[in-house]
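Undergrad: Each chain is listed here by its residues.
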Amino acid sequence: MTEPVPASPAPIEALRDKGPDKPPRSKWKDVWAQFRKHKGAMVGAFFLIFITLGVLIGPYIWTLDPQALDIRAKDMRPVYTALWDSTAKTGWAHPLGSDQLGRDNLAQLIAGGRASMAVGWAAMILSLVIGAGIGVLAGYFKKLDGPLMRLTDLFLSLPILPLLLVAVTLFRQPLRANFGPEGGMFILIVTVVGITSWMPTARIVRGDVLALKEREFVLAARSIGTKPFQIIKRHLLPNVLSPIMVSATLGLATAIITESALSFLGVGFPSDFPTWGKMLADAVARMEDFPERVILPGIAISLTVLGVNYLGDGLRDALDPRIRGR
Amino acid sequence: MKMKTLLLGAAASFALAPAAAMAERGSDGHVNIIYWQAPSIMTPYLSSGTKDIEASSLVLEPLGRYTETGALVPFLAEEIPTVENGGVSEDLKSITWKLKEGLLWSDGSPVTSADVKFTADYCMNPEGGCAQLAKFDHIASIDTPDDLTVVVNFDEAMPNPYGPFMGGQSPILQKAQFENCVGAAASTCTEANFNPIGTGPFVVDEFKPNDVISLSANPNYRDPAKPAFATATLKGGGDAESAARAVLQTGEFDYAWNLQLAPDVLASMAEGGQGTPVSAFGTLVERLEMNMTDPSPNLPEGERATVAHPHPILSDFNVRKALSMAIDRPLLTEIGYGQAGRPTCNLVPAPELYASDNTECLTQDLEGAKALLEEAGWTDSDGDGIREKDGVKLSLLYQTSTNAVRQDFQALIKDWWRQIGVETELRNVDASVFFGGDPGSPDTFQKFYADVEMYANNFDGTDPQSYLQMYRCGNEPKPSSQWQGENINRFCNEEYDALLDELAKTGELSKRGEIAKKLNDIITKETMTIVPLVDRGRVSAHSNTLGGVILNTWDSELWNAADWYRIEG
Numbered sequence: 004m005t006e007p008v009p010a011s012p013a014p015i016e017a018l019r020d021k022g023p024d025k026p027p028r029s030k031w032k033d034v035w036a037q038f039r040k041h042k043g044a045m046v047g048a049f050f051l052i053f054i055t056l057g058v059l060i061g062p063y064i065w066t067l068d069p070q071a072l073d074i075r076a077k078d079m080r081p082v083y084t085a086l087w088d089s090t091a092k093t094g095w096a097h098p099l100g101s102d103q104l105g106r107d108n109l110a111q112l113i114a115g116g117r118a119s120m121a122v123g124w125a126a127m128i129l130s131l132v133i134g135a136g137i138g139v140l141a142g143y144f145k146k147l148d149g150p151l152m153r154l155t156d157l158f159l160s161l162p163i164l165p166l167l168l169v170a171v172t173l174f175r176q177p178l179r180a181n182f183g184p185e186g187g188m189f190i191l192i193v194t195v196v197g198i199t200s201w202m203p204t205a206r207i208v209r210g211d212v213l214a215l216k217e218r219e220f221v222l223a224a225r226s227i228g229t230k231p232f233q234i235i236k237r238h239l240l241p242n243v244l245s246p247i248m249v250s251a252t253l254g255l256a257t258a259i260i261t262e263s264a265l266s267f268l269g270v271g272f273p274s275d276f277p278t279w280g281k282m283l284a285d286a287v288a289r290m291e292d293f294p295e296r297v298i299l300p301g302i303a304i305s306l307t308v309l310g311v312n313y314l315g316d317g318l319r320d321a322l323d324p325r326i327r328g329r
Numbered sequence: 014m015k016m017k018t019l020l021l022g023a024a025a026s027f028a029l030a031p032a033a034a035m036a037e038r039g040s041d042g043h044v045n046i047i048y049w050q051a052p053s054i055m056t057p058y059l060s061s062g063t064k065d066i067e068a069s070s071l072v073l074e075p076l077g078r079y080t081e082t083g084a085l086v087p088f089l090a091e092e093i094p095t096v097e098n099g100g101v102s103e104d105l106k107s108i109t110w111k112l113k114e115g116l117l118w119s120d121g122s123p124v125t126s127a128d129v130k131f132t133a134d135y136c137m138n139p140e141g142g143c144a145q146l147a148k149f150d151h152i153a154s155i156d157t158p159d160d161l162t163v164v165v166n167f168d169e170a171m172p173n174p175y176g177p178f179m180g181g182q183s184p185i186l187q188k189a190q191f192e193n194c195v196g197a198a199a200s201t202c203t204e205a206n207f208n209p210i211g212t213g214p215f216v217v218d219e220f221k222p223n224d225v226i227s228l229s230a231n232p233n234y235r236d237p238a239k240p241a242f243a244t245a246t247l248k249g250g251g252d253a254e255s256a257a258r259a260v261l262q263t264g265e266f267d268y269a270w271n272l273q274l275a276p277d278v279l280a281s282m283a284e285g286g287q288g289t290p291v292s293a294f295g296t297l298v299e300r301l302e303m304n305m306t307d308p309s310p311n312l313p314e315g316e317r318a319t320v321a322h323p324h325p326i327l328s329d330f331n332v333r334k335a336l337s338m339a340i341d342r343p344l345l346t347e348i349g350y351g352q353a354g355r356p357t358c359n360l361v362p363a364p365e366l367y368a369s370d371n372t373e374c375l376t377q378d379l380e381g382a383k384a385l386l387e388e389a390g391w392t393d394s395d396g397d398g399i400r401e402k403d404g405v406k407l408s409l410l411y412q413t414s415t416n417a418v419r420q421d422f423q424a425l426i427k428d429w430w431r432q433i434g435v436e437t438e439l440r441n442v443d444a445s446v447f448f449g450g451d452p453g454s455p456d457t458f459q460k461f462y463a464d465v466e467m468y469a470n471n472f473d474g475t476d477p478q479s480y481l482q483m484y485r486c487g488n489e490p491k492p493s494s495q496w497q498g499e500n501i502n503r504f505c506n507e508e509y510d511a512l513l514d515e516l517a518k519t520g521e522l523s524k525r526g527e528i529a530k531k532l533n534d535i536i537t538k539e540t541m542t543i544v545p546l547v548d549r550g551r552v553s554a555h556s557n558t559l560g561g562v563i564l565n566t567w568d569s570e571l572w573n574a575a576d577w578y579r580i581e582g
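These protein sequences, in sequence, are chains A and B. Residue numbering for the first sequence follows the numbering used here, beginning at 4 and increasing consecutively. Residue numbering for the second sequence follows the numbering used here, beginning at 14 and increasing consecutively.
A portion of the hints provided could be inaccurate.
With a cut-off of at most 16 Å between alpha-carbon atoms, the simulated EDC-like pairs for lysine to aspartate or glutamate come out as follows [unchecked claim]: (1) A:Lys92 - A:Asp78; (2) A:Lys77 - B:Glu347; (3) B:Lys106 - B:Glu204; (4) B:Lys531 - B:Glu499; (5) B:Lys530 - B:Glu373; (6) A:Lys236 - A:Asp275; (7) A:Lys77 - B:Asp428; (8) A:Lys77 - B:Asp421; (9) A:Lys77 - B:Asp277; (10) A:Lys40 - A:Asp323; (11) A:Lys42 - A:Asp320; (12) B:Lys531 - B:Asp514.
Covered, in the sense of this in silico footprint (three residues per stretch, anywhere, with C-beta under 8 Å from a C-beta of chain A), are these stretches of chain B [claimed, not checked]: (13) 269–277; (14) 437–449; (15) 540–552.
Calculated Cβ distances over 10 Å to all of chain A for the following chain B residues [as the list claims (entries may be wrong)]: (16) Thr109; (17) Thr162; (18) Asn311; (19) Asn331; (20) Leu344; (21) Glu380; (22) Lys383; (23) Lys427; (24) Asp428; (25) Pro455; (26) Tyr468; (27) Met483.
The set of hints was computed from the structure by calculation and includes no laboratory data. The structure presented is a predicted model; accordingly, all values stated were derived computationally and were not measured. Positions of the beta carbon are idealized from the N, C-alpha and C atoms, including for glycine.
Please put together the full structure from these sequences, using the hints given.
TA: Shown next, in the form of structure tokens:
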């Protein structure tokens, strides 16, 4: 009599195959999940979207012309001033008050935001394209590394504000003739901010590419004969995306601040073209009597830049697979 | 008893304190002056900017100056020559100046009549591009019979012979220093232009163009007790507002010049208690200047904004008139200057003898302006709100210096012009550049690469002759004169020039007044070449511890810097 042999031994628990119990997740879903954990980044992103939408559709909702003068309604205070000072000159016609010539502050804020954001986005995209391009080329092609990085050093040593002042003197006239006073100035500021702020991106990208191109997957790709540009497109760019995104957000902030500084110095856009920096500059003289005229555009600049910085911070965390999930 | 002695002692020391402070040269330490337009050169002959004229008046002195009432007072001269004292000849064709005896330059060498003669030769050199040439109009010859006597001979009767060597605009230069800087070499003599040897209360220790000037008391100044300050700093740059703040609120500076600030801003700053704003009315008129030549960038450099090309729009009198009619001057004055301004239609608003009774521009007439443009053929044919004629759009570039009040004016005027169908592009240029007179910069007011520009100007002394002479045909800034010249509008009018000649021949005061009024009317209401806006009082501010300041609108504001002293307290 033999003992019946057990059919097959129960597999060791650890070695048992597990069927997928959850559907697979895409990379971008993971990124989003991680991003949502960063509260600051969420607030920053919401604020940025709010401001961007505000300046885009704001003029259709609040239809007052930001440049229209109304001397009778000059020096109005924001409506909330009435809470503590019932004698203040306030009115719902100008919810955020009006300036010394009776221009509506809210309309100016919206119009000013348009200019500032447009400069910010355009300069950021420009510097991103230049920076990423130069960084990847310098990192991947050894021959280009030296010249391109020396070029980067050269640009790093250019002081942006004096350069802008010179550029304004030299190029304002031809640009104005071709694109109008505002368009010409826009192109000038965007170009100068763009070509003077790509260097950090280029350096970071180059460093990452230098490390990445020695990795096995790149070697594998090379060994099957993938062309350099295919490798860059398929393997390198996706991997350096996170530093690029981060420096992009920082670039947006820098561009907004540079534009504000220029307008504050009085060499930016024409004097009646509202931007946040311009509003600040105009209001400084009456800062004590009408603090809101400094505070409102000041807050707008600060919060936008802060929001963008937080957004960048969150993006970096979310895009880095080593941090993700922690 | 004891109390009484104490009080007496206190009273005595109080009484003596200012006297003691004034008794000795250099006993009051240091004085800080701020000019928000930075001086770029230390001689008035190479720059017509007020900042340069005033800065150089600390070092360079004329033979006589104008006081705060417009009276004449001798500085280097023994006395003011007049017909009564025999200094001016009966036929008004020569004036004899006597220098004070024993005058020394700051380097210790004696001041002689040769220096005075040299100064005139220096400015009258045709290649020099002298900015004050109008002061030396009609000089036939200058004789120096002895070391202290200068005889200026004019080629015609000069009822006002006080053009040369009078006032902050034509001080005396040292011949030895500037001898090799004549003619085309004038602007290349950097050392002399930045550190001129003078007779004034201060000498330049260090000159940083467009930044700061360090000065110290002139050891050879003619009054051994003056100046009370051993050293002085003239800081340039910034803007009117920070300059006002530095004197009125923080007390960092002792004197701030020309505070063109909105009245409410200045009033709230004065509550700071560190200083006092002072104001006086003179002849300073904020005006719009119409460019009679074409500033189009399509023209080749050297022909742009020169008389070779008349302006396509502003050559039409009706346009200029309509632009003027659209402006509400009382409102501008109220917003920009308050008590420190009066609306005006005159280029020469004072003294009374020369001020025309021209007031028709004071009422705004938008409808009239529209009708005038319509009548002149400027119509809005394509419905975009902007008038055109023969394919030329009524679109103007309007420039001025960077200043909050001026930008407010720009915004207001642009709005009015928009209402009559004129498109305006605004531009503001940093004041140091705009008034800098640099022939290499495209943004100076002399180059006038714009259609309309706004600034203020005035004249020294009480006689407007040389001021009106600025608009003589041919005196315009042009490439051949290195863009120096005072006829900013490039105005050219035969009748005007003929009247100028007549004014120069007329001695009788009431007759002079009549001619000057006529000249004023030609250039303002009859041709609208200059569109005056506001007669501005000069507002400056001094610290409460700075004594002796007398605001002078007829000469340099620093005219009596030698008399300034520190109030202890």
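Undergrad: So, for every hint listed, does it hold in this structure?
TA: Evaluation of the provided hints:
Taken as a hint, the Lys92 of chain A and Asp78 of chain A pair is honoured in the structure, with Cα atoms around 8 Å apart against an allowance of 16 Å. Between Lys77 of chain A and Glu347 of chain B, the direct Cα distance comes to roughly 13 Å. Compliance with the 16 Å bound is thereby established for this hinted pair. Of the pairs offered as hints, the one joining Lys106 of chain B and Glu204 of chain B is violated, with about 37 Å between alpha carbons and a cut-off of 16 Å exceeded. For a cut-off of 16 Å, the pair hint linking Lys531 of chain B to Glu499 of chain B is broken: about 20 Å separates their Cα positions.
Between Lys530 of chain B and Glu373 of chain B the alpha-carbon distance is near 15 Å, which keeps this suggested pair within the 16 Å criterion. A distance of roughly 46 Å separates the Cα atoms of Lys236 of chain A and Asp275 of chain A; the hinted pair therefore is violated under the 16 Å criterion. With a C-alpha separation of about 15 Å, the suggested pairing of Lys77 of chain A with Asp428 of chain B holds against the 16 Å cut-off. At roughly 12 Å between alpha-carbon atoms, Lys77 of chain A and Asp421 of chain B fall within 16 Å of each other, so this suggested pair holds.
The suggested pairing of Lys77 of chain A with Asp277 of chain B holds, with an alpha-carbon distance near 13 Å, which does not exceed 16 Å. A hinted pair counts as satisfied when its Cα atoms are at most 16 Å apart, and Lys40 of chain A with Asp323 of chain A qualifies at roughly 14 Å. Restraint check: the Cα-Cα separation between Lys42 of chain A and Asp320 of chain A comes to about 12 Å, which is no more than 16 Å; the hinted pair holds. The suggested pairing of Lys531 of chain B with Asp514 of chain B holds, with an alpha-carbon distance near 13 Å, which does not exceed 16 Å.
Here the region 269–277 of chain B counts 3 residues with a CB under 8 Å from a CB of chain A, which clears the bar of 3, and the coverage holds. Figure legend: the region 437–449 of chain B, annotated as covered by chain A; annotation consistent (5 residues with Cβ-Cβ distances under 8 Å, at least 3 required). Proximity of the region 540–552 of chain B to chain A, defined as three or more residues with a beta carbon under 8 Å from a beta carbon of that chain, is not established by the 0 residues found. Distance check for Thr109 of chain B against chain A: the nearest CB is about 49 Å away, which clears 10 Å, and the non-interface claim stands.
With a least beta-carbon separation of about 50 Å from chain A, Thr162 of chain B lies farther than 10 Å from that chain, consistent with its non-interface assignment. The claim that Asn311 of chain B lies off the interface is violated: its Cβ sits roughly 8 Å from the closest Cβ of chain A, which falls inside the 10 Å cut-off. The claim that Asn331 of chain B lies off the interface holds: its Cβ sits roughly 25 Å from the closest Cβ of chain A, which is beyond the 10 Å cut-off. For Leu344 of chain B, the requirement that its beta carbon stay farther than 10 Å from each beta carbon of chain A is not met, with the minimum near 7 Å.
Non-interface call for Glu380 of chain B relative to chain A: holds, since the shortest CB-CB distance, roughly 19 Å, exceeds 10 Å. Every beta carbon of chain A lies more than 10 Å from that of Lys383 of chain B, the smallest distance being close to 18 Å; the non-interface claim holds. For Lys427 of chain B, the non-interface assignment is contradicted: its Cβ lies about 6 Å from the closest Cβ of chain A, within the 10 Å cut-off. Against the 10 Å criterion, Asp428 of chain B falls within the reach of chain A, whose nearest CB is about 5 Å from its own CB.
In this structure Pro455 of chain B is not separated from chain A by more than 10 Å, as the shortest Cβ-Cβ distance comes to only about 7 Å. Consistency note on Tyr468 of chain B: stated as away from chain A, and its beta-carbon is indeed over 10 Å from all of that chain's, at 15 Å minimum. The beta carbon of Met483 of chain B sits about 28 Å from the closest Cβ of chain A, which is more than 10 Å, so the claim that it is off the interface holds.
In this structure, the hints that do not hold are numbers 3, 4, 6, 15, 18, 20, 23, 24, 25, in rising order.
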